[in-house]
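**Student:** Sequence:
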Amino acid sequence: MTEDKNGETLKEFDPLNRLEPSTNGNSNTDVVSMKDDADTQAAEETNANIFAQDTGDEEPFYDFQLFVKQLQSPEADPLVKYTKSFLRNFLAQRLLWTVSEEIKLINNFKSFIYDKFTLYEPFKSLDSSKTRNAQEGIEKLIMGKLYFRCFSPSLYESLQVSLDDEHMKDLNYDDTLLEKIEHYRFIKPVMLDIPETMPHAKLNKFVHLASTELSKINRFKSPRDKMVCVLNASKVIFGLLKHTKLEQNGADTFIPILIYCILKGQVRYLVSNVNYIERFRSSDFIRGEEEYYLSSLQAAINFIMNLTESSLTIENHKCFEEEYQNNSKQVAKEREEEEKKRKLEVPDELQSNGTLLKPLDEVTNIVISKFSELFSPIGEPTQEETLEPEQSKKEEDVTFLIKKIEENERKDTLETLQNMFPDMDPSLIEDVCIAKKSRIGPCVDALLSLSE
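Position one of the sequence shown corresponds to residue 1 (our numbering), numbered consecutively onward.
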């Protein structure tokens, strides 16, 4: 696209050119619709392990529900209208945007709406940390709505047509990475120059835990939540290095173990996820630990994408070749069995829909079943949405589901930490887990300090 064409395109999405906040009509209808979206994402938020970054001053715990309450304030109605206007036009103007267009439109809107925070209460009275929280909130809110138009695998699955070059490159790289992972999943730690002094059983345990954390990346829609999965996996690996007194080796040991985690974990759509974070996470938010660990993940992915026998440290090449061929035969057999199973179990009418359009965690599925209208294109609220008793019932349901998610997350985190620190008093681990609000990053840091 030419520069002039870009300018005209952006004009279409500038809320000032399309929709000035108006006091005409029922302003509460917009708040109700946006509030429901936010409530649903608040439920998803509690299922992500969030921890503070090392930025000098301790960053406050991210509170999406606080942002939801602020957005419900009558004074914030103009911000709601601006946001709805942008989302409505993004979804309605075109079925398919190129990656560069998506980035430009979304970044321009975020800059625009961040500036508007200084004009409207309760946002204009917030201190810097609360303003940061609100900026995080608006990013999460709009990307939750635009996820199926911006995340390449979901976009392709929903449209079933050829996409622009950048989106298609994501999909091709995803396939290449997965193929490489399948064909080199048998390699041993020593081939990646992971120190032989590292106990094999401990390595496998921590690699499994880190892979589990990284695999959660496909559960979430916001760039922040996906980034948290990367951070949590990285924290587990760092915990392993601390356990084995190898943290001083830095990236020389960290990245090989991360490579090993990816090979063993076989996370789907990893390239698309990393690119999605890079494209739609505000650049001001990717700093410190986020920047380091995201760069490390990119380095690990690039290594695997270009992996050949010569990339590895191999003593017996003949033995390696035999293992490679045996594994290749096993991969072919597994693919054949998977294809037969897929045809038997998936009804024809669902073949084109796959699973990407459905969140992967149980509780989010419950939320979507109750609020399916939230995941349809932006439109006028239904009659039921405007009924206060029905709305109150929804709020109770969401509150219950959030509590259920929090309890499930607490149990999951506690089990992970007990596996990481089997010699530590379980009650102490539980106390740390409660104190750190089940955020696995701060929990690992605290327990490592206590174990020294």
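No wet-lab data here; the hints were simulated from the structure.
Small disclaimer: the values here were computed from a predicted structure and weren't measured.
Be careful, since some hints might not be right.
Stated by the list, open to error - Simulated pairs of lysine-lysine, DSSO-like, Cα-Cα distance not exceeding 27 Å:
(1) K341 to K404
(2) K169 to K205
(3) K169 to K202
(4) K411 to K180
(5) K264 to K188
(6) K318 to K264
**Student:** Out of the numbered hints, which ones does the structure contradict?
**Tutor:** Numbers 1, 2, 3, 4 - these are the hints that the structure violates, sorted from lowest upward.
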